[in-house]
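> Now for the letters of each chain:
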Amino acid sequence: MLGYLVRRILIMIPTLIAISIVIFTIIHLPPGDYFTTYIAELQSQGEHANLAKIAFLKAQYGFDLPVWRQYLTWAINLLHGDMGYSFAYDLPVTQVVGDRLFLTFLVSVMTIVFTYVVAFPIGVYSATHQYSTGDYVLTFFGFLGLATPSFLLALLLVYFAHVYFGISIGGLMDPIYVDQPWSWGKAGSVAAHIWVPVIVIGTAGTAAMIRRLRANLLDELQKQYFVTARAKGLHPVKALFKYPLRMALNPFISDIGSLLPHVISGAAIVSVVMSLPTTGPMLLDALRSQDMYLAGSFLMFMAFLTVIGVFLSDLALAALDPRIRLQTGRSR
Amino acid sequence: MSEVELRSQSDLPHFVSHAPFDPYSVEEMSAAQERFYRASQWRMIWWRFRRHRVAVVSGAILLALYIAILFCEMLAPYGLDTRNTDYIYAPPQRVHFLYRGKLAAPFVLGSDYKLDMENLRRVYTPNLDKPEPIRFFCHGDKYRFWGLVDGDVHLLCPAKGGHLFLLGTDRLGRDLLSRIIYGARISLTVGLIGVAVSFTLGIIIGGIAGYYGGWTDIMIQRGIEVIQSFPHLPLWMALSAILPVTWSPILVYFGITIILGMIEWTHLARAVRSKLLSLREEDFCTAAVLMGATPARIIGRHLLPSFMSHLIASATLVIPSMILGETALSFLGLGLRPPITSWGVLLNEAQNISVVALYPWLMLPVVPVIVTVLAFNFFGDGLRDAADPYH
Chain A
46 MLGYLVRRIL IMIPTLIAIS IVIFTIIHLP PGDYFTTYIA ELQSQGEHAN
96 LAKIAFLKAQ YGFDLPVWRQ YLTWAINLLH GDMGYSFAYD LPVTQVVGDR
146 LFLTFLVSVM TIVFTYVVAF PIGVYSATHQ YSTGDYVLTF FGFLGLATPS
196 FLLALLLVYF AHVYFGISIG GLMDPIYVDQ PWSWGKAGSV AAHIWVPVIV
246 IGTAGTAAMI RRLRANLLDE LQKQYFVTAR AKGLHPVKAL FKYPLRMALN
296 PFISDIGSLL PHVISGAAIV SVVMSLPTTG PMLLDALRSQ DMYLAGSFLM
346 FMAFLTVIGV FLSDLALAAL DPRIRLQTGR SR
Chain B
5 MSEVELRSQS DLPHFVSHAP FDPYSVEEMS AAQERFYRAS QWRMIWWRFR
55 RHRVAVVSGA ILLALYIAIL FCEMLAPYGL DTRNTDYIYA PPQRVHFLYR
105 GKLAAPFVLG SDYKLDMENL RRVYTPNLDK PEPIRFFCHG DKYRFWGLVD
155 GDVHLLCPAK GGHLFLLGTD RLGRDLLSRI IYGARISLTV GLIGVAVSFT
205 LGIIIGGIAG YYGGWTDIMI QRGIEVIQSF PHLPLWMALS AILPVTWSPI
255 LVYFGITIIL GMIEWTHLAR AVRSKLLSLR EEDFCTAAVL MGATPARIIG
305 RHLLPSFMSH LIASATLVIP SMILGETALS FLGLGLRPPI TSWGVLLNEA
355 QNISVVALYP WLMLPVVPVI VTVLAFNFFG DGLRDAADPY H
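Residue numbers (this note's numbering), protein chains in the order written: chain A, 46 to 377; chain B, 5 to 395.
By construction, these hints were calculated from the structure, which means they are not laboratory data.
Beta carbons are placed, not taken as given, at the ideal position from N, Cα and C, and that holds for glycine.
Incorrect hints may have been included.
Derived Cβ-Cβ restraints for the label pairs, each shown as a range [what the hints assert, rightly or not]:
#: 1; chain 1: A; residue 1: Val272; chain 2: B; residue 2: Pro96; range: 16 to 22 Å
#: 2; chain 1: A; residue 1: Pro111; chain 2: B; residue 2: Asn88; range: 54 to 60 Å
#: 3; chain 1: A; residue 1: Pro367; chain 2: B; residue 2: Ile71; range: 50 to 56 Å
#: 4; chain 1: A; residue 1: Thr139; chain 2: B; residue 2: Tyr70; range: 47 to 53 Å
#: 5; chain 1: A; residue 1: Leu47; chain 2: B; residue 2: Gln225; range: 20 to 26 Å
#: 6; chain 1: B; residue 1: Ile71; chain 2: A; residue 2: Phe185; range: 22 to 28 Å
#: 7; chain 1: A; residue 1: Thr139; chain 2: B; residue 2: Leu119; range: 49 to 55 Å
#: 8; chain 1: A; residue 1: Leu279; chain 2: B; residue 2: Thr220; range: 46 to 52 Å
#: 9; chain 1: A; residue 1: Tyr209; chain 2: B; residue 2: Ala200; range: 44 to 50 Å
#: 10; chain 1: B; residue 1: Thr220; chain 2: A; residue 2: Val208; range: 56 to 62 Å
Next up, chain A with everything else stripped away, as it sits in the complex (with noise of 0.2 Å):
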């Protein structure tokens, strides 16, 4: 297992390098940079005040430099966790982000915990009651809420909360609470409202996740050993669970690597539509503006967090099933 969790780790560095080459290489894409029309601006309007400011932006993040040391500024910056500068906000981008990684973080892992919740039980009853009444019935919807894209089922859930429960769901926590310091009670108020952006982000990844498990288990009730716990008089639901259920879990526990993705993109669109305090609407904003370094250290954020839930189902996967272990580290 050490081995294992060694090359695992020796695997997820260079990913890494890698992945935060191309996304400096998507800040520096937009013709004429945004620090030089900065200056220019600054100048225009005579404030020589900032000048030492702009000698020491300079110097911190290496405006000056070619472009490859510029790069190993940056890197080296974000591995001590400065994350660049943010010209719309004048401020340091940790600054400007505040809780917004924390929640949308928060909100990544409630989804996803949403979704095994809710897949489980129903990719099992699909499965075992195969061709029913109610297998077709969840067949159905769940195809809808794969092709339902997801800000409109984010309208129509915060409108019809508005009009028949009579609470706005927009954001994430109560009003008084933004921007105040984390309490019980801001605590208990973003519980209180996370779980629209969950259900609504969260749907079609548990389609999806349902469709999966229920095609695994189909396979694995057709094998023999199951037909001979079965026929030896074993009761339904001991086979089931002892046996099948394991075998189809494998895939269940992988697909985490497939569904961060999707659940990171799910967020950042519902949280422009809901306007939650999280990374999406401020990635918007950044990209509109061009405040490149805003909108990198996003990217770089949500491709990390895929990137470690990726290693996490792995290792998940590496305890579950030894034959994984044993072998020269999985292509995902």
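Please arrange chain B on chain A, whose structure you already have, making use of the hints.
Relative to the frame of chain A, chain B by itself:
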């Protein structure tokens, strides 16, 4: 053996057939069997596919949609940008078949407009005294068919001097139905062009990885992993935000489709690679190598055709995610821009709660999105099941 038994054996009636002996007579096939065993691969795929009812229906729907986008100009009652300034945010009209209790040709009711001064809403009330029969195959707004031929024939037109807003109008008084029909042209082709891009990339890169194996394979695999660990939507957002503002709408359209295709190719490349890895060990591949065929020829002539059906099925399943991606991007205002009209651009107007409350029909463009995505999913599922008819 006793004598009695011998005699009883020789007493049996003896039969001799005079027809010449045909050793294959038992294995003779009926015409139907013959047809089955000699069918080509694609014919068998079609037979298998036909059994999947939902997939067939979905395929028919898709075919109808794609034929429809050829004739947008005729199908839409109005032009793309025809404005009816007297009918801003007019709600959808109902089609009636009964007029004062009698069966009549399909008609809509003209409406009276009143501005509600209390909450400043436009109120349109259907007027029972103003039936406006719908005309069919009639002359209406002028258009240039495919930008080449002038015409003014429409499938549906409003009554003379009347109006026909089956799905309501938007904030500029443009007919939503017409705009949805025109939007289909963009939304449906985005997926096709995008999938063509990712198909090409997937086959080339996956082909190289699968055929050469070893280090090339490992490097490409890692590259794919890097791309896949980006959440798609934020990456699409970032890339499309980079498209220069100075680009013309049509360039932006191609830019967006290429961006969509550039990220989705990874799934196809994976599929190609894993198939190639197993196929290149087959005898026919070794034979081709021994005869001196180049790698490109071996991949293109011998390997690809053996799993083309699989590839097409997986490509079909990639299209819906591209359509949804374009819709999401345009909805956020990062994708296509207004002179170009796609379903996502139309949905951009339905961005806030007040639209849901006041003008819910502006959300209707989502219906064709859902129908198309579902149809592609079912169609792709059916294709995938049918793709390997020998199993």
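> Looking back at the hints listed earlier, which ones does the structure fail to meet?
1
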